[in-house]
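Chain by chain, the residues:
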Amino acid sequence: MPLRDSLDPALSGADAIPNVTSFWSACLSQLERELPAQQFNTWIKGLRLETNGSPDQLSLLAPNRFVLQWVRERYLSQIQELSQQFYPVPVTIHLGLAGSSDAEAETLNGEVATPVEKLPEPVAMAPAIISGRDDAYDKTRLNPTFTFDTLVTGRANDLARAAAQQVALNPGISYNPLFVYGGVGLGKTHLIHAIGNSVYQANPGAVIRYIHAEDFVSDVVRAYQQKAFDVFKRYYRSLDLLLVDDIQFFVKKDRTQEEFFYAFNALAEAKKQIIITCDTYPKDIDGLKERLISRFDWGLTVQIEPPETEMRVAILKKKAEASRIDLGDDVAFLIAKHLRSNVRELEGALNRVLAFARFHNRPITIDVAKDALKDIIGATNRQISLELIQKTVADYYKIKVADMYSQKRTRAIARPRQVAMWISRELTAHSLPEIGEAFGGRDHTTVLHACRTILDLRSKDSHLNNDLHVLEQTIKG
Amino acid sequence: MNAAHSGPTRQQVLPHIRPPQIPSLDNFVPGSNGELLTQLARCIAASETRPVYLWGGKGSGRTHLLQAVANQTGTVVLPGSAVSGDYVPPDASLIIIDDVEALSAEAQIALFRCFNDQRPRQLRLLLSGSSAPLHLPCREDLRTRIGQALIYEVKPLSDGEKASALLYHAAQRGMKVDDHLIEYLLRHGRRDLPSLMAVLDALDQQSLEQKRPVTLPLLREILQPNLV
Chain U
1 MPLRDSLDPA LSGADAIPNV TSFWSACLSQ LERELPAQQF NTWIKGLRLE TNGSPDQLSL
61 LAPNRFVLQW VRERYLSQIQ ELSQQFYPVP VTIHLGLAGS SDAEAETLNG EVATPVEKLP
121 EPVAMAPAII SGRDDAYDKT RLNPTFTFDT LVTGRANDLA RAAAQQVALN PGISYNPLFV
181 YGGVGLGKTH LIHAIGNSVY QANPGAVIRY IHAEDFVSDV VRAYQQKAFD VFKRYYRSLD
241 LLLVDDIQFF VKKDRTQEEF FYAFNALAEA KKQIIITCDT YPKDIDGLKE RLISRFDWGL
301 TVQIEPPETE MRVAILKKKA EASRIDLGDD VAFLIAKHLR SNVRELEGAL NRVLAFARFH
361 NRPITIDVAK DALKDIIGAT NRQISLELIQ KTVADYYKIK VADMYSQKRT RAIARPRQVA
421 MWISRELTAH SLPEIGEAFG GRDHTTVLHA CRTILDLRSK DSHLNNDLHV LEQTIKG
Chain A
478 MNAAHSGPTR QQVLPHIRPP QIPSLDNFVP GSNGELLTQL ARCIAASETR PVYLWGGKGS
538 GRTHLLQAVA NQTGTVVLPG SAVSGDYVPP DASLIIIDDV EALSAEAQIA LFRCFNDQRP
598 RQLRLLLSGS SAPLHLPCRE DLRTRIGQAL IYEVKPLSDG EKASALLYHA AQRGMKVDDH
658 LIEYLLRHGR RDLPSLMAVL DALDQQSLEQ KRPVTLPLLR EILQPNLV
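Top line first, the protein sequences correspond to chains U and A. Position 112, counted from 1, in the first sequence is what the working numbering calls 112; the numbers after and before it change by one each time, with no gaps. To get the working numbering, take the position in the second sequence, counting from 1, and add 477.
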């Protein structure tokens, strides 16, 4: 059925140019008939018509740029076709973003204006040191975003960082090899790339090579197959700085270990720097030759530990900053609370939150973060325990968990303890005596007093009020 | 929506001929997965270079979505169990792996290598699994790399959305199905979408073979074959 027939005849009279509103409602009902209801509801229904009075121009505003893109790719030509059935003259259909000052973000002609967005596109961290990247740099296999500047330091890695900076300043001289070990996803790779980038910056002529142990193994296999060990040896001995990541992959690969041993000796003798990472302490690596392990003792072995809450928060803020996004403490704290064991997953969670906020065109609030984190965490119906409250409050106020049940009564400790008691009463079904018991065997009247104190203080002290809000949200998850 | 206006893929009213349903993003019922769909469209357009990971239970539509991306990009979906330890994708390719929890120990290392080489070799990764990365049973160095991806749960459809999906599926097959039939199906059948669709297909088949209209009694017979 031609579209014009579906309209009120008065509107589609032969000589009257139909107005855009009637076109759009006809168009909507046509699309509603043609598309599955779900598709229609998800992509089309939310489009808003905007008219500027001109009969041959039509602006459709999408709630966000993802819907905009989707509609542009899938439905715009269809809408355009319908308009041809409807109008005697060609009309221009603009697609734009709602809330954008420039409704003509994208037109059918493909002109693209920059849509006004709440959140910028994710950007790779600015390559802080490498401006004009070239072949020589590419050959290093270094990641330009992994620098000391972008590395967040905390108790978990400050020693390793200090050693790494030493090595970067005096490669081949201070500690050789530098052996960095620690669990998965704690930033070992970042740290050693930072050394590489720093050495490269100071001396662009240095021959640097980052290699994952797996790739080193492949290189050995290839050399073996092609009988090209000479080339292999020459290459590895020509380096000024060799960075080998995840050396645990050498386990039980004898030929690889042998080749690495020779390369190691040659480089060390020539005072060339070697840097190695591993997921365990060198002596604990099963299946690695003793003579290789003893070589690692020549230099310095440093550990990277899992980051504590504050450091995780700092990491999140730094990463958000790199994407030019201001991340609130409460949101950072929430993410940090859910992903404790490593930095990688922390970053995954942050990316998800940012993508979610961008899609829904919403600011990054605690509620947005919670929604987004559901995808990361999966359905966990966690019970709020007193231990969780104590731990979270202690972390927040930077005191020890043990202080929660200690007998100390200084303000710096007693106040957080009172806060934790109050939250325990608010968020759990535990009785006051139970709460008192959990806080170092205190009397229930102490808990009652704490709750009254906090209640009284929060109305006068906006700072405390904010703390309580953040903590409650964080604990509720 | 009557049989005369059936979908273009419908060939002839003959038993045993099923209209092929080629998975695409467009024939996926979005439900609450709008953001995910736009993300996958970005994968197709190669405008997303970060790894993307989808997870969801059986019947959530993960495979459909991966297949849709594969169809659009001329790639294939590798089932996790089919990936070998010496798997090396070509440079600058899109790697699509379904059911990462089924990767063998060697295949896990192969995928781990892909993650490590991602930047220099310009690899793009689209993976799916049965659970959120936090709960994936695989080696920790791989698990955390997956955890760094953009993670989406494929959200199950609500009953209303399932009904809408079923009606659409029926229309594609040229079936005339009453709303109350769908309601009945949702109340009495297994409620994951593939099972529901399968019942609908069986219903169509039976209706054609027995030359009976699609009615509630026929649906009952299919759902409870023991009664017949």
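Hint data in this document are derived by calculation from the structure and do not stem from the laboratory. Hints may be right or wrong, so weigh each one.
As a list, the in silico DSBU-like pairs of lysine-lysine whose alpha-carbon atoms are at most 30 Å apart [to be verified]:
| hint | chain 1 | residue 1 | chain 2 | residue 2 |
| --- | --- | --- | --- | --- |
| 1 | U | K253 | U | K318 |
| 2 | U | K283 | U | K317 |
| 3 | U | K460 | U | K398 |
| 4 | U | K398 | U | K370 |
| 5 | U | K289 | U | K317 |
| 6 | A | K688 | U | K45 |
| 7 | U | K289 | U | K318 |
| 8 | U | K400 | U | K460 |
| 9 | U | K227 | U | K317 |
| 10 | U | K252 | U | K289 |
| 11 | A | K688 | U | K374 |
| 12 | U | K370 | A | K632 |
| 13 | A | K535 | U | K370 |
| 14 | U | K317 | A | K535 |
| 15 | A | K535 | U | K374 |
| 16 | U | K317 | U | K252 |
| 17 | U | K45 | A | K653 |
Residues of chain U placed beyond 10 Å of chain A at every Cβ, according to the derived structure [claimed, not checked]:
| hint | residue |
| --- | --- |
| 18 | S22 |
| 19 | V184 |
| 20 | R209 |
| 21 | Q226 |
| 22 | D246 |
| 23 | A266 |
| 24 | N351 |
| 25 | I376 |
| 26 | S406 |
| 27 | H444 |
Per label pair, the in silico range of CB-to-CB distance [to be verified]:
| hint | chain 1 | residue 1 | chain 2 | residue 2 | range |
| --- | --- | --- | --- | --- | --- |
| 28 | U | R48 | A | Q687 | 57 to 63 Å |
| 29 | U | Y262 | A | E617 | 48 to 54 Å |
| 30 | U | R362 | A | G637 | 22 to 28 Å |
| 31 | A | T692 | U | P363 | 25 to 31 Å |
| 32 | U | K374 | A | Q687 | 43 to 49 Å |
| 33 | U | R48 | A | S509 | 50 to 56 Å |
| 34 | A | E617 | U | E290 | 23 to 29 Å |
| 35 | A | T526 | U | Q84 | 33 to 39 Å |
| 36 | U | Q201 | A | G637 | 56 to 62 Å |
| 37 | U | E290 | A | S509 | 56 to 62 Å |
All C-beta atoms in this analysis are idealised placements derived from N, C-alpha and C, irrespective of residue type, glycine included.
Verification of the supplied hints:
| no. | hint | result |
| --- | --- | --- |
| 1 | U:K253 with U:K318 | violated (39 Å) |
| 2 | U:K283 with U:K317 | violated (36 Å) |
| 3 | U:K460 with U:K398 | holds (23 Å) |
| 4 | U:K398 with U:K370 | holds (24 Å) |
| 5 | U:K289 with U:K317 | violated (42 Å) |
| 6 | A:K688 with U:K45 | violated (39 Å) |
| 7 | U:K289 with U:K318 | violated (40 Å) |
| 8 | U:K400 with U:K460 | holds (27 Å) |
| 9 | U:K227 with U:K317 | violated (50 Å) |
| 10 | U:K252 with U:K289 | holds (9 Å) |
| 11 | A:K688 with U:K374 | violated (48 Å) |
| 12 | U:K370 with A:K632 | holds (16 Å) |
| 13 | A:K535 with U:K370 | holds (25 Å) |
| 14 | U:K317 with A:K535 | violated (36 Å) |
| 15 | A:K535 with U:K374 | holds (18 Å) |
| 16 | U:K317 with U:K252 | violated (41 Å) |
| 17 | U:K45 with A:K653 | holds (26 Å) |
| 18 | S22 | holds (26 Å) |
| 19 | V184 | violated (5 Å) |
| 20 | R209 | holds (12 Å) |
| 21 | Q226 | holds (17 Å) |
| 22 | D246 | violated (7 Å) |
| 23 | A266 | holds (26 Å) |
| 24 | N351 | violated (6 Å) |
| 25 | I376 | violated (5 Å) |
| 26 | S406 | holds (33 Å) |
| 27 | H444 | holds (38 Å) |
| 28 | U:R48 with A:Q687: 57 to 63 Å | violated (49 Å) |
| 29 | U:Y262 with A:E617: 48 to 54 Å | violated (31 Å) |
| 30 | U:R362 with A:G637: 22 to 28 Å | holds (24 Å) |
| 31 | A:T692 with U:P363: 25 to 31 Å | violated (52 Å) |
| 32 | U:K374 with A:Q687: 43 to 49 Å | holds (46 Å) |
| 33 | U:R48 with A:S509: 50 to 56 Å | violated (21 Å) |
| 34 | A:E617 with U:E290: 23 to 29 Å | holds (26 Å) |
| 35 | A:T526 with U:Q84: 33 to 39 Å | holds (38 Å) |
| 36 | U:Q201 with A:G637: 56 to 62 Å | holds (59 Å) |
| 37 | U:E290 with A:S509: 56 to 62 Å | holds (57 Å) |
The earlier numbered hints that this structure contradicts are 1, 2, 5, 6, 7, 9, 11, 14, 16, 19, 22, 24, 25, 28, 29, 31 and 33.
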